Each structure stands twice: as C-alpha cells, then as structure tokens.
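Student: Turn these sequences into a full structure, and let the hints steer you where they fit.
Chains as they are written, first to last, in my numbering: chain A, 31 to 260; chain B, 2 to 256; chain C, 5 to 349.
I should point out that these hints are in silico values taken from the structure, not numbers from a laboratory.
Predicted model, so just to flag it, every value in this text is computed and none were measured.
Built from N, CA and C at the ideal position, the CB exists for glycine as well.
Hints may contain errors.
[What the hints assert, rightly or not] Simulated DEER-style distance windows between Cβ atoms:
| hint | chain 1 | residue 1 | chain 2 | residue 2 | range |
| --- | --- | --- | --- | --- | --- |
| 1 | B | H118 | C | A28 | 31 to 37 Å |
| 2 | C | I315 | A | E82 | 40 to 46 Å |
| 3 | C | E144 | B | G192 | 55 to 61 Å |
| 4 | A | G158 | C | G132 | 25 to 31 Å |
| 5 | B | G192 | A | T87 | 31 to 37 Å |
| 6 | B | G32 | A | G162 | 41 to 47 Å |
| 7 | B | G192 | C | A28 | 42 to 48 Å |
| 8 | A | A248 | B | R68 | 49 to 55 Å |
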Amino acid sequence: MLRAEQVSAGYGRVQVLWDVDLSVGDNEIVALVGPNGAGKTTLLRALSGMVEIRSGTVDFRGESLRGRSIEEIVGLGISHVPEGRRLFAGLTVRDNLRLGGWRSRNTDIGRVVELFPQLGDRLNQVAGTLSGGEQQMCAIARGLMSRPRLMMIDELSLGLAPVLVDEIISRLPDIASSGTSILLVEQDVDAALTVAGRGYVLETGHVVLSGPAAELLADPRVQESYLGMG
Amino acid sequence: MSAPILQTQDLGRRFGGLRAVADVSFAVPEGQVLGIIGPNGAGKSTLINLITGHVKPSGGRVLIDGRDMTGAPPWAVAQAGVARTFQIVKPFRGMSVRENVAIGILYRRHGVNVMSHALRAADEVLEEVGIADLGDRPPGELPVADARRLELAKALALRPRLLLLDEVMAGLRHSEIEPSLQLIRTLRERGITIIVVEHVMKAIVAVSDRILVLHQGQVLTSGAPREVLTDRRVIEAYLGQRYAQRRGETPDAPG
Amino acid sequence: MATSTQAPRQAVTPTSRRDQARRALPWLLGLVALLGALGLQSQLYSGQERTVTTIFMFVAMAEAWNLIGGFAGYASFGQVVFFGLGGYFTAVAMSQWHLTFWVSLVLSGIVGALFATVIGIPLLRLRGHYFAIATLGVAEGMREVVINLPGLTGGGAGITVPTVGRDATTPYLGNDGFYLLFLALAALSVLIAGLVSRSKFGYGLRAIHQDEDAAAAMGINTTRLKVLTFALSGFIVGLVGSSYAFQQVTIFPERLFDVDITVLMVIMVVIGGSGTVLGPLLGAVVLQFVSEFLRQHFINLHIFILGAIIIVAVLLLPQGAVNYLREARRTGEYSLLANVRRYRL
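Tutor: Here it is, written out as structure tokens:
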C-alpha cells in the first residue's frame, strides 16, 4: 500500500534521511525504531508532506506522494498522529474528534469511542485536562476520524506508564484489521516489536535492519544501533 | 591536587512542574574528555545551559576552577575560560566568517581591542579548524560541516580551557564524522578539557575518556564507555524496561 | 565527501595603501559634505535655511536612533522622551535657573543619558515588540508628567525661554546660528555613528542584534553594551531637544513629546537602511525633501501621498536603501522583484 524507495530528505542544508526503503502493506502494523536523532520523526514528516523529499519515490495506493501538500496527502488517506499528541488543548474531546473528521465530513464519533471507551466518558471534558494516556487515546481517535488507510503514530509511549502503553497498543491490532494500517515510531522497543508484524531499524538516517518483528526483537544488532555496542 | 575544572553539586532546574534537570553532581578533571549521553528529553541541553549561564538553576551549584559561578551570566562564564557551541549553529549574519570569529578574540578575557588585530588572529583560528579559505564568506552560505567548524572556531577564539560541544555531529555524513573526531583529539592534545554531548554513539565512544548518562534529568550512571553502554539501566533507558529484561543483559555494572 | 580544502597558508597582507585609502574615504567624504553644508548656507534664503536646519535636526536624531535600533536591534519607540526631556530641561534651566544656553545644552545631554541608563537597565531586558511598547509607554507617560507639573514646566500652557531683555542669558542664535548649531549636532551624530560602526563596540552591538545568546556566550556583556548604547542615543537626542527648545522659544508638551517625532526617526532609518551609517543620513535627507516638496505642491494631499510613498518604499526595499544597494552590488542582483521575494513579502 505504501512503498517508499531510496527516499532522502532533510531540513535546509542538513540532510537527515539517506536512501530509505520502507513499505507498509494492507492491514499491517509496521514498527520503526532506532536511536534518537536517527530521523524517525523526519521520515514520518516526509511521508505526510511536512518535510520536502529531495530524492526517491513514495507510492501510496498508486499515487505518488512527492511534492504534494499536506492537505492533499491527508485527502489520499494518510493520518499522522504527531509526537507529543498536539491536541487542541482548549477544546473538548468531542470537538477534537470532530475536527479530526472535518475534512472527510465524518461526524460519527461512535466508532472511535467504541474503540476507546474512556473517551466516551469524557466527551465534554477539555482536552488539556485529560491524563497523558487519555490524551494519547484522543489523539489516535482523532487521527482515525478521517478514516485513513494508513495511520502514522509518532512516539506513542512518550510520557506514559507502561501499563497505559500496553492498553493503548492492545487496540492497534483491531484498528489494523479493520482497514487502517499502522506505521508506529516507538521508543519502547519491546512494545513496538511485539505488536508489529514487521519492523525497520533506522540509524543516522539509514535503514540498518529490517524484517519480521519477532526476528528483530531477538537480534542483538538492534541494541548495537542504539548504544554502539551489544 | 588542583580543583577539577568543572564541578556541579546537586544542580537542578524546573520549568513549571517539569524537572528538566535534578540533583546532578559530577566533576571533570582538567584534560579529560567527558561524553554526556541520554535519551531525548534527558536534560542534556538544559544541563549545558545551566553550566554556561544561559539558564539560571533552580538549585545547586556550578563551580569552575573551584570558584562558585552559579547563576553567573554567560559572558562571565566565557571570560572564565569556558566556551560552547550551540546545537543549532548561531552564526552572526551580516558579518563575514572572519568577523564572526573576531568577535570572540575581541571579547574574551584579555581580549584584543583593535579590529584589524582581531581579524588577523581570527584567520589563525580559521586555519586551525580547517576553513581558512572561507574567511570572507557570509556564514549563511556555508554547508553543514563547515558551519559546524565555524561554530567551533568561534568557541576556540575565546582560548577556552573547557569546551562544551553540543551535538556537533548531528547532520554530518559518515565521512565527515572522522575529521571532526580528529579535531576533537587535536584539541584534547592541546590540553583543552572537553565535554561532548552527543547522540551518535560510535563517535562518543571513540573519543571519550568517561561517559555520563542522563535520564529524565538525573544522572543515571557514569564511568568508562564500555561499562556504561552495557549497563542494564542504560539499556533500559534507551530501549525500554522490557527490552532490557528480555535481553537478559549483564547484571548492573557497579556504580 | 570532502569538507573545504585546506588552502595554502596565505600571509595576511599588511594594511596596504589601498586599504588605508579605502578606510579614509568615508571620513573624507564626510568632511566634504560638511564643508558643502557650510558653503550652502550663504546660498539659501531664510525659508530654505530653516528647512535645511530641520533636516540636520532629523539627521542627528535618526543616526542616534540607529545606534540602539539599528546596530543593537532594540527598536525604541519612545525615543522622543529624550527629545522632550532635553528640551524641557533647557527651558527650565534657562528660564528659572538662569543658566546660559550652552551650559543647559550640555546638561540636557547628560540628563538624556542618565534617564536612558535608568530606564534602560530594566527595559533592555525585554526583547522585540515588548521593548518597543515599553519605551513608547515611557514617552507617553513622561508627557503626562510634564503636563501635570505646571509649577515646574508650565504644564499644558508651555514654557518660554527668555531670549530678550535682562532675563536672556544667551543671545538668540537666529536662523544662521541655529543652522550651524544643528549642523554641528548632525555632524557629531554621524561622527559618533561612524566611530561606533567600525569599533569593537559596534561589532559587539551587531553580534547582540544577530544573536544575543551567542553574543553572550562569546564574552560580550550584553547588558552593559545595550545600556551604554541607549545612553549614548539618549545623550544625542537630548542635545537635539535642548537646541530645539531654544530655537522654538516657546515649547509645549504635545510637541516636545510628540510620538510623530519618534515615528519619523524610525521611518527615516528604516527607509535609508538601518544598521548603516549612511542609511539614516540618506533617509532623513530624502524624507524631509520629499515631505517639503509635497507640502508645497500638494497642499491638501501631501500627507496622504507621503504615506503612500513610505508604504511603497518599505514594500520594495524592506531592508532600506543602503542595505539593498550593498547586497545588490555583492550578489549582482538588482531586481526589485527578487528583493521583495527574498524578504517574503
């Protein structure tokens, strides 16, 4: 469904990504891990149109993503849940969700509330007052409102207790099997490689490892890429 | 035995409810190269800013050469012989590369007062870092590797005894990393104490005598590079608790 | 991938005759301009003389504003407060304390500098827009203070400097005298700007303007430099205000603390080219000429047209004329359209 080939991107004169190959299939959960500064967030931003792709190709369901505006890419069916959630803190949960569905004219929040019942109890609560875990759920739910074919989640576990991380991650397979593939950038390597089917390890802008998630989990080279030694 | 060139005692800084840095105590003896690592948000940049005076501490002390410089303004710290580079380079636009470096020569302790002398001395510093032929250019035009060298040149213009390098390897190609490491080794041979904050692990391992690990604003551990990077707590901090458990790593390294 | 190649060590050439000549050139030109202005005086009749005198006044103030606003990058929108303080101090000193004008002049400058130092220490901690608004507030506030101290300042009714009779401590300078006085102030202001521009002090200011954090990290005591510059600026504007009071004989708070004066200063610097020595000079001269010309030929619409011209000038040359010319000469690109695009308007 998504195929990125030899993608290079960066900010101004600083190149961050070098010839990255990555793909996500239908109903799949793909994990993207790697040390800080590797370019994981940059890759997501390149795919959603926030960062210019300097070379390479990105094909999404037959359409090229290069050079498209962010709105166009959202319109094609890609949703980006950014690092730090970036909810509209002054608005209620319900309004955040409705804004998520604004472009696709989807006002049916029932489906996402089914997925995250805790949100159902808090629809009128101001988003900024939610707990970290609830905010992350809200952010993902908001991302789902545009009925995307691919949802990219950046650092889901940021600031969350492992129990909550588990709870939220446990919803991801349902989301994936109902037609929204997931590309998950994650610091908690165990959680990410447990829920995902496949994974990529990014280090200083290059893909250094890739393959079935279970294999990566057992591969000592993953640790090496983080700490320089296994 | 002389005082360590830099020492912090229970250094801390809060931003509202967030403790960016807390209870950080460490000492750097003169001539050492200390690497500081830590996952994102660990407080590395805040720590540097606390030492250089760009951010005032909420608690604790900073001692430079045994003198209490806690909360001192950045220029006082610079004049005490401590220079730094910025993670996002901050060249002075509207001035040439040479003039950028000349500022440091003018305003360091016992600085020069005549512009032409400063410009001449600036050329020498540019030569040291390897960008002698870029003196007349506007800094905005420089590619990343050269912009980093300019940043370093500006710091060296201060004739520092302690140099703080904040993520100088970010954005460099593999081929550009080794010359940068070589530069750091050369500076170290001249007797400059160096603190390197880095994400690029291979670089920091290659050049540090000792590594300090920050996690959530506090010191997790410190020691020789090999020990630190195989320490279970460090693995946990970077890859998550369960990953560390799963890997069944070596038992916690001492201290 | 190679980084920049190591060039063979080139001996830095000792200051050649050509370099020396190049550095002396501006001073030479300045001297020529000064002599020209002196010679011009005899050619003008009194109306024109007064116009040119006003130009000199604004040159002096624009250059002074440029020190804090252009070099250091702290745009003061309350600059007129030094003008007013200088003027009122002189008026009070001459009418109530019977000091001569020349003593009052110097003291007015000092008062300007002192006041700048006192408000500078707190206000210069603010950056950008906040500093602009705070200084504006100070100026407006000072005007109200002056209005509300009628015993000292004559309040809203104004104050008159004695210029005839026994009370007059200094004979009135007359058109010719004021022409020379303001010319001297303009020359002083340009001279100071020129000296600052090339000095260690000036480079420090520019560094502060470009990146205050980096400047501080390089040993520059930013507080000290900023306050000093503000004080210098206040000193010059104080001198100008003092001279203006003497020239006008009767002064009122609305005029001496008129925010328009600050705004004019700023426009002149911005259009001429902030951060340069020539820019404010050029801006002051051109703007005053254009303003006079319009006033004489388009009595009803001159303000409107002047405003339109200013808007167009800022749109096409946001960095000011002198900076635009320098950049254009360096890059070879003279196109105004490219310039607008470069500044993303």
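Student: Okay, which hints does this one fail, numbers in order?
Tutor: 1, 2 and 5
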